[in-house]
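There are 2 protein chains.
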Amino acid sequence: MVPNGFQFAGVRCGLKNKRKDIGLIVSDRPAAAAGVFTQNLVRAASVDFTREAVKGQRLRAVVVNSGNANCCTGEQGARDVVRMAELAAHHLGLATQEVAVAQTGVIGQFIDMAKVEHGIAEAAKSLSDDPKPFMEAILTTDLVEKSAVADVRGATVLAVGKGSGMVAPDMATMLGFIVTDLNVQPARLDVALRKAVATSFNCLTVDSDTSTNDLVLALANGASGVEPTDEELDGAMREVCVSLAKQVARDGEGATKLIEVRVTGTSDPKAVAMTIANSPLVKTAMFGCDPNWGRVLAAAGRAGVAFDPDTAVLKVVSQGEEHLLFEGGAPAAYDPKRASTALKSTEVVIDLALGPGETATVYTCDFGYGYVRINAEYHT
Amino acid sequence: MVPNGFQFAGVRCGLKNKRKDIGLIVSDRPAAAAGVFTQNLVRAASVDFTREAVKGQRLRAVVVNSGNANCCTGEQGARDVVRMAELAAHHLGLATQEVAVAQTGVIGQFIDMAKVEHGIAEAAKSLSDDPKPFMEAILTTDLVEKSAVADVRGATVLAVGKGSGMVAPDMATMLGFIVTDLNVQPARLDVALRKAVATSFNCLTVDSDTSTNDLVLALANGASGVEPTDEELDGAMREVCVSLAKQVARDGEGATKLIEVRVTGTSDPKAVAMTIANSPLVKTAMFGCDPNWGRVLAAAGRAGVAFDPDTAVLKVVSQGEEHLLFEGGAPAAYDPKRASTALKSTEVVIDLALGPGETATVYTCDFGYGYVRINAEYHT
Chain A
1 MVPNGFQFAG
11 VRCGLKNKRK
21 DIGLIVSDRP
31 AAAAGVFTQN
41 LVRAASVDFT
51 REAVKGQRLR
61 AVVVNSGNAN
71 CCTGEQGARD
81 VVRMAELAAH
91 HLGLATQEVA
101 VAQTGVIGQF
111 IDMAKVEHGI
121 AEAAKSLSDD
131 PKPFMEAILT
141 TDLVEKSAVA
151 DVRGATVLAV
161 GKGSGMVAPD
171 MATMLGFIVT
181 DLNVQPARLD
191 VALRKAVATS
201 FNCLTVDSDT
211 STNDLVLALA
221 NGASGVEPTD
231 EELDGAMREV
241 CVSLAKQVAR
251 DGEGATKLIE
261 VRVTGTSDPK
271 AVAMTIANSP
281 LVKTAMFGCD
291 PNWGRVLAAA
301 GRAGVAFDPD
311 TAVLKVVSQG
321 EEHLLFEGGA
331 PAAYDPKRAS
341 TALKSTEVVI
351 DLALGPGETA
361 TVYTCDFGYG
371 YVRINAEYHT
Chain B
1 MVPNGFQFAG
11 VRCGLKNKRK
21 DIGLIVSDRP
31 AAAAGVFTQN
41 LVRAASVDFT
51 REAVKGQRLR
61 AVVVNSGNAN
71 CCTGEQGARD
81 VVRMAELAAH
91 HLGLATQEVA
101 VAQTGVIGQF
111 IDMAKVEHGI
121 AEAAKSLSDD
131 PKPFMEAILT
141 TDLVEKSAVA
151 DVRGATVLAV
161 GKGSGMVAPD
171 MATMLGFIVT
181 DLNVQPARLD
191 VALRKAVATS
201 FNCLTVDSDT
211 STNDLVLALA
221 NGASGVEPTD
231 EELDGAMREV
241 CVSLAKQVAR
251 DGEGATKLIE
261 VRVTGTSDPK
271 AVAMTIANSP
281 LVKTAMFGCD
291 PNWGRVLAAA
301 GRAGVAFDPD
311 TAVLKVVSQG
321 EEHLLFEGGA
331 PAAYDPKRAS
341 TALKSTEVVI
351 DLALGPGETA
361 TVYTCDFGYG
371 YVRINAEYHT
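Protein chains in written order, with the working numbering: chain A, 1 to 380; chain B, 1 to 380.
Hints are computed from structural coordinates only; laboratory data are not their basis.
No farther apart than 30 Å at their CA atoms in a straight line, the calculated lysine-lysine pairs in the DSS-like style are these:
id: 1; chain 1: B; residue 1: K337; chain 2: A; residue 2: K115
id: 2; chain 1: B; residue 1: K115; chain 2: B; residue 2: K18
id: 3; chain 1: B; residue 1: K16; chain 2: B; residue 2: K125
id: 4; chain 1: A; residue 1: K16; chain 2: B; residue 2: K337
id: 5; chain 1: A; residue 1: K125; chain 2: A; residue 2: K115
id: 6; chain 1: B; residue 1: K246; chain 2: B; residue 2: K132
id: 7; chain 1: B; residue 1: K16; chain 2: B; residue 2: K132
id: 8; chain 1: A; residue 1: K344; chain 2: B; residue 2: K16
id: 9; chain 1: B; residue 1: K337; chain 2: A; residue 2: K18
id: 10; chain 1: A; residue 1: K132; chain 2: A; residue 2: K18
id: 11; chain 1: A; residue 1: K132; chain 2: A; residue 2: K55
id: 12; chain 1: A; residue 1: K337; chain 2: B; residue 2: K16
id: 13; chain 1: A; residue 1: K16; chain 2: B; residue 2: K344
id: 14; chain 1: A; residue 1: K337; chain 2: B; residue 2: K115
id: 15; chain 1: B; residue 1: K18; chain 2: A; residue 2: K337
Start from the sequences, fold in the hints, and give me the full structure.
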C-alpha cells in the first residue's frame with residue numbers, strides 16, 4: 001500500500017560497495033511538511049538544511065544518500081548539501097527550497113559529489129510507485145528494510161526508515177520518512193509527528209549514542225482528499241512510528257532479540273526504563289539468555305529516580321509465559337532453567353513495577369559479539 | 001611496604017571455585033576510619049552496615065567476602081552481615097562495632113553462612129604482615145591483584161582494591177581499602193579520602209553501571225607516629241587512589257587497554273569526558289584500534305554541555321606520539337595507518353580541547369569480545 005501522488009527511487013552511485021546509496025521521494029503536489037531532528041550539538045549540515053526547509057511548511061521532495069554522513073566536514077560539507085538539493089530540484093523541475101536532504105554513513109569524510117551528481121540524475125529518471133528501491137538505498141548496517149503502513153478511511157500512511165545503531169557514525173543512523181496522502185495542515189502534521197515520536201523513536205535505544213544525522217520527516221500531500229480527525233491522524237502516525245521503532249531495535253547492530261522494557265510508577269518511569277535499556281550488563285545478560293534480575297534492579301537503582309527497592313516487582317514475559325523474579329525485597333521462587341529458556345525468544349519484555357502510576361515502554365535490543373564485530377572490525 | 005600495626009589474611013571457604021574468598025584486615029589498635037559508598041538506591045546490606053560502623057570514627061578490622069554480593073536478599077541478608085561482623089569480632093577479641101564488612105559477587109543469592117563461619121575462623125588464625133592473600137581473596141572477574149603504595153616520611157599508605165566492571169553484579173564490584181600507619185584524625189581522614197576519590201574512583205568507568213556494593217574504606221592507625229601535613233596526606237591518598245583507579249580500568253572486563261579521556265574547557269569537562277568514556281562506539285573503536293574521531297565528537301555533542309564544535313581540537317596521544325585528528329571544524333590531515341598503529345598501545349590518551357578552562361581526566365578501557373563473553377556466557 002502506497003499513498004497516492006508519491007513516487008520513489010533508489011539507485012547506486014558508488015558511495016557504498018555494491019548497494020544502492022541514493023534515494024528520492026517525490027510528491028506530485030506540494031505536501032505539508034514536519035520534521036524532528038537530532039539534539040546532538042555535533043550534527044551534519046543536512047540536518048540544519050532540512051530543519052530550515054521544513055520551516056517553509058510545504059515540500060515536494062527529499063533526496064537521501066547513505067554511505068557518507070557528511071558530518072564534521074565544515075563549509076565544504078554545507079555547500080555539498082545545498083548542491084544536492086539544487087541537483088534534485090533541477091532534475092525534478094522544482095525549486096531548491098522544495099527539497100529536503102538527509103544523509104547517513106561515515107562521519108568526517110567529504111562526499112564524492114561527482115558520484116552524487118550522477119546518482120541524483122539516475123534516480124530522477126527511475127521514479128516509480130514502488131518504495132522498495134528507496135528503502136534499500138537508505139540502509140547502512142541494517143540487515144533488513146523497514147516499513148510500516150496504516151490505513152485511514154482509504155488513505156494511506158507509509159513510514160520507511162533505517163537505523164541499526166542509534167548512531168554508529170561510520171555506518172548507521174536513524175532516518176525516518178513518513179509519507180501520506182491524507183489532507184493535513186502543516187501545523188497539525190507537526191503536532192502529530194511530535195506526539196508519535198515521543199512514544200516511539202524517542203523511546204528507542206540501541207547503544208545510548210545519539211546520532212549526528214538523526215531526522216524524521218513527515219510529508220502529507222492530500223492526494224486522497226481524506227481529512228483525518230485528530231484521533232485518526234495521531235493513531236495512524238503512532239502506529240507506523242512504533243512499528244518502525246520496534247523494527248529498528250530488532251535489527252540493532254548484532255542484536256538477536258527485541259527487548260521491551262516496561263516500567264510503572266515513580267516520577268519518571270521513562271528515565272528508569274532508559275537506564276535499564278542502556279545497561280551493558282542487562283543487554284549482555286539478555287544476549288546470554290540469563291535471567292540475571294540483579295542487573296535490572298542495579299540499573300534501575302542508578303537511574304536517579306527515587307523508589308523503594310523493597311516494593312519493586314520484577315518479571316520477564318516471553319513466549320506467553322510470565323516469570324516473577326523479584327518481589328518484597330527478596331528473590332522470588334522462579335525456575336532459572338525455565339526462565340532462561342523463555343529468554344531464548346526473539347521478543348522479551350522486562351516488566352518492572354515500582355508503584356502506582358504511569359507505564360513507560362522503551363524499545364531496545366540485546367548486546368552481543370555482533371555489536372563489537374560491526375563497530376570494532378570495520379575501520380573508517 | 002606495609003604500614004605498621006596492620007595484619008592481613010585471605011583464605012578459601014568455598015563461596016567461589018578454587019579461589020580465596022574471605023579476607024581480613026586487622027589493626028593492632030583503634031584506627032581512624034572514613035568511607036565512601038555507592039550511591040545506588042539498590043544496595044547491599046553490607047554497605048549500610050559499614051556506613052554506620054564508620055560513624056563510630058574508629059575501627060579495628062574489616063572482613064570481606066567475594067563470590068556473593070548478598071544484595072537484594074532482604075532481612076536475611078542484613079542479618080547475615082551482622083553475623084559476619086560478630087564472628088570476626090569474636091575470633092579477633094573485638095567488639096562488633098569495631099568491624100566493617102564488605103561483600104562482592106553475585107546479586108540476589110543468600111550467602112552460605114556455614115562456609116563463611118568456617119572461613120572467618122580460618123582467616124583469624126592466618127593473619128600476617130603479607131597483604132597478598134587478602135588481595136587475592138577480594139577478587140572476582142579481576143585478572144590481577146591491585147595495590148598501590150605511597151611513603152610519607154617513613155610512614156606508609158597502602159591501597160588494595162578490586163574491580164573489573166564498575167558493576168557486574170554476578171561477579172565484579174569495586175572495593176577499595178586504604179590502610180596507613182599515619183596519625184590522622186577521623187575527620188581529616190574523611191576529607192582526604194573524599195578529595196582523593198573525587199579525582200580517582202569517581203573518574204573511573206568501565207561500563208557505566210554503578211555497583212550495588214561499591215565501597216572504599218580508609219583506616220589510619222597512627223602506629224608510625226608520623227603526623228602528616230594536609231598536603232602530605234592529600235598527596236599520598238590521591239597518589240594511591242589514582243594508581244588503583246588506573247589499575248581497575250586497565251583490568252576492565254575484556255579490556256585490552258587503559259584509556260585516559262582528557263577534556264579541557266566548557267562548564268563541565270568531566271561530564272563530557274564521562275560521556276566519551278561510556279560511549280560503546282568510542283570503546284569498540286578503541287578495541288579495533290580505529291582512530292574514528294567522529295564517534296568521540298558525536299559522544300561529546302550529546303553530553304548535555306554547551307560548546308562550539310567548530311572550535312574543538314581532538315588528538316590521540318599514544319606511545320609518545322600525538323596525532324591531531326580534528327581542528328577548525330574539519331578533519332585534520334593525519335595518517336590513518338600511523339594513528340591506527342599508535343592505538344595498538346596498551347595506554348591511549350584521548351585529548352579533546354573545547355576552549356579555555358580546567359581539564360578533567362576520566363579513566364576507562366576499551367570494549368571488546370571479552371566483555372560480552374564474561375557478561376553473557378557465565379550464567380547466574
